[in-house]
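**Q** Sequences are here, hints too, so could you generate the full structure?
Each protein sequence line maps, in turn, to chains Y and B. So the first sequence is residues 3 to 395, counted in the working numbering. So the second sequence is residues 13 to 109, counted in the working numbering.
Incorrect hints may have been included.
Stated by the list, open to error - The calculated DSS-like cross-link candidates involving lysine-lysine, where the alpha carbons are at most 27 Å apart (straight line), are:
#, chain 1, residue 1, chain 2, residue 2
1, B, Lys19, Y, Lys197
2, B, Lys14, Y, Lys225
3, B, Lys16, Y, Lys225
4, Y, Lys225, B, Lys84
5, Y, Lys348, Y, Lys291
Said to hold, decoys possible - Simulated restraints, written as ranges between beta carbons of each label pair:
#, chain 1, residue 1, chain 2, residue 2, range
6, Y, Glu206, B, Asp79, 26 to 32 Å
7, B, Ser40, Y, Gln306, 43 to 49 Å
8, Y, His207, B, Val34, 15 to 21 Å
9, B, Lys84, Y, His207, 29 to 35 Å
Since the hints were derived computationally from the structure, they do not count as laboratory data. The beta carbon of each residue, even a glycine, is placed where N, CA and C say it ideally should be.
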Amino acid sequence: MAKVVAVTGNEAVANALKQVNPDVCAAYPITPQTDMMQRFSSFVSDGKVKTELILVESEHSSMSACVGASAAGGRVVTATSSQGLALMWEILFIASGTRLPIVMPVVNRALSAPLNIHGDHSDGMGARDTGWIQLWSENAQESYDNTIQAFRIAEHMEVRLPVMICLDGFIISHSIERLKYLEDEEVKNFVGEFKQLNPLLDLEHPVSYGPLILPDYYMEYRKAQEKVASGVRGIVLEVAAEFEKMSGRKYGLFESYRLEDAEIGLVILNSAAGTSKDVIDEFRNRGIKAGLLKPRLYRPFPFQEIGEALKHLKAVCVLDRADAFGGSYGPVYLDIATSLYPCKEKPILINKIYGLGGRDYLPEHAELVLNELAQIAKTGTVKSLKEYIGVRE
Amino acid sequence: MKLKGWKEVTPGSVVTEAGNSVEFKTGSWRSFKPVWIEENCIQCLFCWVYCPDMAIKVKDGKRAEFDYDFCKGCGVCALECPGKKGKKAIIMIEEGK
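**A** Have a look at this one:
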């Protein structure tokens, strides 16, 4: 019987990690991730897990220790936020390029400067092209479920790539929500025994990691990695189907909310999608055909499926909780725009930047955007392609 | 050696065969080539001692030919060679001449 509890996002994810019982965890504290790893280190101290906890002096070192432990043949986890993820930067590429199935919850937080500890997506968005798989989560339940599924995806023999589970700092990490835990035994059976691939500690079959690959071979390794990335979508769906059988909770590459017959729609990640869905319902009650698409597997980006899901709409707004300064639009907008580009019929697409540095995203923001979309759908006239919302003049 | 295609390379560029550096012929890096002049050789084996790359072969305790598959042409052997009566037993000549 599933246990229903009231927990924070951090507590939920820490418990998912406890139930998986990984071999090694190398972590460094950073707000708002701190309380997740603090809880996990208590599990280690209390003998609830058999994990070897490595306390390091920085995130650069934590990711480096994870790379070493994973290459050695262990099931490895860490977690971070914001500047911590930024400090891991060069090692993130080494983890993915070396095809190491490390699992890392990322509690999304704004990047400095100005210094800010609250939730936005600039950290995760900065790491979107590091070769890691990214699963984004709306609430504590999704963060917990995504963490458990992440092990199966990362460790799949056709994948062997590291996975980030993204959840909103404070809004999810520190808010208490209703959540259903799986039984320890269920999680244990679901993730299964860790299967090694070319472990360094197998002394009978010595291997070398990290060779210098010159121009005569570098492109072959990169093409091989691109091929692996393109197959991740299928594995994510396979794992989700099995997870649904066990938990009754359904996951896909993205969530479509009242989208099938919609004329106007929002594309939005994580916690703000929950707020938006309530407003979508209000618009539906008023007879306005509004819908929403919430990406879950953001990397590798399922561009064909998302293009298909959105092409029939008249007007769509992509809401970004990060901006690309000096670029054109926010990062999610760019992915949605390129997904729709090959479609003959496609919606008018606008971009709003919201919620930076933890600025609240309120129902009236969604209302404002949906009203604007209804107007665009009616008149075909766009007043502004990209705009900050919830900002003082 | 035939270069492998992208479908044949190992996941994450892991090297799974130990001691495979013998298959990687580094002699092509050489721009100067050492030449052994046997009549000036006193069999002191200094060249064998000094060679940083085991590119000087010894057979039955005697100096044998260079292993040009791995000699990178550093010239240490030619420098250390005492020769016989002022005449070097190893000289360096430019590759391609």
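**Q** All the hints need checking, so say for each whether the structure fits it.
**A** Evaluated hints:
{"no.": "1", "hint": "B/Lys19 <-> Y/Lys197", "verdict": "holds, 22 Å"}
{"no.": "2", "hint": "B/Lys14 <-> Y/Lys225", "verdict": "holds, 18 Å"}
{"no.": "3", "hint": "B/Lys16 <-> Y/Lys225", "verdict": "holds, 13 Å"}
{"no.": "4", "hint": "Y/Lys225 <-> B/Lys84", "verdict": "violated, 32 Å"}
{"no.": "5", "hint": "Y/Lys348 <-> Y/Lys291", "verdict": "holds, 17 Å"}
{"no.": "6", "hint": "Y/Glu206 <-> B/Asp79: 26 to 32 Å", "verdict": "holds, 31 Å"}
{"no.": "7", "hint": "B/Ser40 <-> Y/Gln306: 43 to 49 Å", "verdict": "holds, 45 Å"}
{"no.": "8", "hint": "Y/His207 <-> B/Val34: 15 to 21 Å", "verdict": "holds, 19 Å"}
{"no.": "9", "hint": "B/Lys84 <-> Y/His207: 29 to 35 Å", "verdict": "holds, 31 Å"}
When held up to the earlier numbered hints, the structure conflicts with hint 4 and nothing else.
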